[in-house]
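Residue numbers (our numbering), protein chains in the order written: chain A, 1 to 149; chain B, 1 to 149.
Some hints could be false.
Said to hold, decoys possible - No more than 27 Å apart at the CA atoms, straight line, and that leaves these computed lysine-lysine pairs for DSSO-like:
hint: 1; chain 1: B; residue 1: 108; chain 2: A; residue 2: 63
hint: 2; chain 1: A; residue 1: 108; chain 2: B; residue 2: 146
hint: 3; chain 1: A; residue 1: 146; chain 2: A; residue 2: 63
hint: 4; chain 1: B; residue 1: 63; chain 2: B; residue 2: 146
hint: 5; chain 1: B; residue 1: 108; chain 2: A; residue 2: 143
hint: 6; chain 1: B; residue 1: 63; chain 2: A; residue 2: 108
hint: 7; chain 1: B; residue 1: 108; chain 2: A; residue 2: 108
hint: 8; chain 1: A; residue 1: 146; chain 2: B; residue 2: 108
hint: 9; chain 1: B; residue 1: 63; chain 2: B; residue 2: 143
hint: 10; chain 1: A; residue 1: 143; chain 2: A; residue 2: 63
hint: 11; chain 1: B; residue 1: 143; chain 2: A; residue 2: 108
Hints listed in this document are in silico derivations from the structure and should not be mistaken for laboratory results.
2 protein chains.
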Amino acid sequence: MQQAIDLSIQNVANGGGPFGAVIVRDNEVVATGVNRVTANNDPTAHAEVSAIRAACQREGSFKLEGCTIYTSCEPCPMCLSAIYWAGISRICFACTKQDAEDIHFGDKFIYEEMARPIFERAIPTETFMRQEALQAFRAWDEKTDKVEY
Amino acid sequence: MQQAIDLSIQNVANGGGPFGAVIVRDNEVVATGVNRVTANNDPTAHAEVSAIRAACQREGSFKLEGCTIYTSCEPCPMCLSAIYWAGISRICFACTKQDAEDIHFGDKFIYEEMARPIFERAIPTETFMRQEALQAFRAWDEKTDKVEY
Numbered sequence: 001m002q003q004a005i006d007l008s009i010q011n012v013a014n015g016g017g018p019f020g021a022v023i024v025r026d027n028e029v030v031a032t033g034v035n036r037v038t039a040n041n042d043p044t045a046h047a048e049v050s051a052i053r054a055a056c057q058r059e060g061s062f063k064l065e066g067c068t069i070y071t072s073c074e075p076c077p078m079c080l081s082a083i084y085w086a087g088i089s090r091i092c093f094a095c096t097k098q099d100a101e102d103i104h105f106g107d108k109f110i111y112e113e114m115a116r117p118i119f120e121r122a123i124p125t126e127t128f129m130r131q132e133a134l135q136a137f138r139a140w141d142e143k144t145d146k147v148e149y
Numbered sequence: 001m002q003q004a005i006d007l008s009i010q011n012v013a014n015g016g017g018p019f020g021a022v023i024v025r026d027n028e029v030v031a032t033g034v035n036r037v038t039a040n041n042d043p044t045a046h047a048e049v050s051a052i053r054a055a056c057q058r059e060g061s062f063k064l065e066g067c068t069i070y071t072s073c074e075p076c077p078m079c080l081s082a083i084y085w086a087g088i089s090r091i092c093f094a095c096t097k098q099d100a101e102d103i104h105f106g107d108k109f110i111y112e113e114m115a116r117p118i119f120e121r122a123i124p125t126e127t128f129m130r131q132e133a134l135q136a137f138r139a140w141d142e143k144t145d146k147v148e149y
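Please model the complete structure; the sequences and the hints are all you need to start from.
Take a look at the structure:
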């Protein structure tokens, strides 16, 4: 966790957001990440997502079972979901989403939005063409050589 | 939406997951994306996240205000959060998360996990060293030339 915190502090000096993450397996660092949203024009480049991408490239796998992620702040819903998709086994965080809110990072708002019914959220949402789109799901279902996850 | 659906069908044939997304501004396609999780060993490479990254690179911005995202399936919590972070103005989706569940994509499980108290979730979670980590937030707060988002 000290390394994740050190990264978060250094990243502020390097023009990034105040967030750092370290992914560890068997006491060995697999990869690290920092927030590069504004530096790289990538709204998905949060510390945890960046660390997950780097760890998966290093491991040659889209799964990180057995890994722990140490993150300097409670993951936002995007990063938390990425942690689930990656199959990470344990999460350790330091600052809270309220702390992030206090310096104007809107994690808490997104958590609140998630909890609202789809069509009552702040971003207007519509649905249509479900029948047409289900063709892809049928193609997937029928495919015999697919890589499932 | 037809283009997003076409991409999702083509992507199954191309070894990817059955998901496609198109980002549009003023009736012009800004970028498209497909699911390349297993193909690229990147658990974050969902169609929507891929489209957002591509659109931001094209626009030279970490914000996509005024854009609509058309996605062949209801966004998972990771993609939905990425849509919020990107400031996208409107969401249109075709298949539902229940449809995704039916072909064994675990979006629904992650939505359920989000709604649970942090320390009762399936992935064991701990928190410590908040005071040390708050140093980065103070450094951010005091920085005068930062790019906020």
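Quick rundown of the hints versus the structure:
1. The straight-line distance between the Cα atoms of residue 108 (chain B) and residue 63 (chain A) is roughly 19 Å, inside the 27 Å bound, and the hint therefore holds.
2. Taking the CA atoms of residue 108 (chain A) and residue 146 (chain B), the gap is near 21 Å; set against the 27 Å cutoff, the hint holds.
3. Under the criterion of a C-alpha separation no larger than 27 Å, the hint pairing residue 146 (chain A) with residue 63 (chain A) is consistent with the structure, at around 16 Å.
4. For the hint pairing residue 63 (chain B) with residue 146 (chain B), the CA-to-CA distance comes to about 16 Å; that is within 27 Å, so the pair holds.
5. With a C-alpha separation of about 23 Å, the suggested pair residue 108 (chain B) and residue 143 (chain A) falls inside the 27 Å cut-off, and the hint holds.
6. With a CA separation close to 19 Å, the supplied pair residue 63 (chain B) and residue 108 (chain A) stays within the 27 Å bound.
7. With a C-alpha separation of about 20 Å, the suggested pairing of residue 108 (chain B) with residue 108 (chain A) holds against the 27 Å cut-off.
8. Restraint check: the Cα-Cα separation between residue 146 (chain A) and residue 108 (chain B) comes to about 21 Å, which is no more than 27 Å; the hinted pair holds.
9. Of the supplied pair hints, the one linking residue 63 (chain B) and residue 143 (chain B) holds, its CA atoms being roughly 22 Å apart against a limit of 27 Å.
10. For the proposed pair residue 143 (chain A) and residue 63 (chain A), the alpha carbon gap of about 22 Å is at most 27 Å, so the pair holds.
11. Restraint check for residue 143 (chain B) and residue 108 (chain A): the C-alpha separation of about 23 Å stays at or below 27 Å, so the hint holds.
No hint from the list above goes unmet by this structure.
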